[in-house]
Amino acid sequence: MIEARGITKRYGPFTAVQDVSFSAGKGTVLGFIGPNGAGKTTTMRILTGYLPATAGDAVVAGFDVFQQPMEVKRRVGYLPEAPPLYPELTVGDYLSFVAEIREIPARGRYRRIGEVMEMVGLTGWERRILGSLSKGYRQRVGLAQALVHDPPVLVLDEPTSGLDPAQNVGIRELIGAIGGERTVVLSTHILAEVEATCDQVVVIDRGRIAAQGSLEQVRTQATGGVRYRVELRGQDIARAVGGLDEVRQVVPSDGSDGFDVLEVFADQDPRTAIAALAGRSGWAVRSIERVQPSLEDAFLAIVGREEAPSTTGSQP
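Residues 158 to 473 in our numbering are what the sequence shown lists, from first letter to last.
FYI, nobody ran anything at the bench for these hints, they're computed from the structure.
Since we're looking at a predicted model, the values are computed, not measured.
All C-beta atoms in this analysis are idealised placements derived from N, C-alpha and C, irrespective of residue type, glycine included.
Take these hints with a grain of salt, some might be off.
Using C-beta positions, here's what the derived DEER-type ranges look like [unchecked claim]:
no.: 1; residue 1: G412; residue 2: E338; range: 46 to 56 Å
no.: 2; residue 1: R285; residue 2: F171; range: 34 to 44 Å
no.: 3; residue 1: T429; residue 2: E275; range: 30 to 40 Å
Could you build all of it, start to finish, from the sequences and the hints given here?
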């Protein structure tokens, strides 16, 4: 449903996006993450036809973004970071206006508005003035306007920016529910949100793709994959564990109470072999545990700790 190839955007001598290529199929929820200023919003604006690219090409829902921009816009629902709301209108009037310009036939327009309002949790809010709504409910209205024409592709730029934890959960659940048959591209600083809702992830840094693939693929590429934390007490432990067939690498770290602590990297689960070795060698065993790297671990490995986004909320 989305195919971006070599997307580049320059502003004079400054290159905001350089040779960005990725794809997302039908039913995929793709997380688009990166530091502030990495090029996420620029890429989204290009894919939705709101900003021309300097080079490259993109196909969305079967149409060329640059040659057939109106056809693309008819098939894309777009929620920018600041929802495009008119504060003096009621929720119902605003969605009616959006439905009209989205060319939804008058006969089925109000039925569709009701369906979308129910979908995003706004039933009964038709007469509320937009300017009086909390940010969480403004985001819901923004999602409703992006969904009202039932688009096959949904592009969401920081949909939970500035929301409190309860609102974050509500919007996250809503995104998961509306995915289904749609292709969803989700830009966010909240890595837990990506882990909870996304099938694929693209990491962009300084305008270039730094990593992409499934969550597991990106974790493995960036961190070396699953590791095992071992706490043992005995003689010559690191060398002996490193000699096991299952073990690829052993990294000693500081221990306590006479126990050695090892970070063990392996292509297959080495815990049984390590336990057997400890038994043969007469070692004391405190723990042998599997450590699954998080998306935060992968992000830090890719773009560096000073650039890391929040795991609980968006950055300023």
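Going down the list of hints, with the structure as the test:
1. G412 with E338: 46 to 56 Å: 52 Å, holds
2. R285 with F171: 34 to 44 Å: Between R285 and F171, where Cβ atoms are some 42 Å apart, the hint holds.
3. T429 with E275: 30 to 40 Å: This hint is violated: roughly 52 Å between Cβ atoms.
Going through the hint list in order, the structure does not satisfy hint 3, though it satisfies all others.
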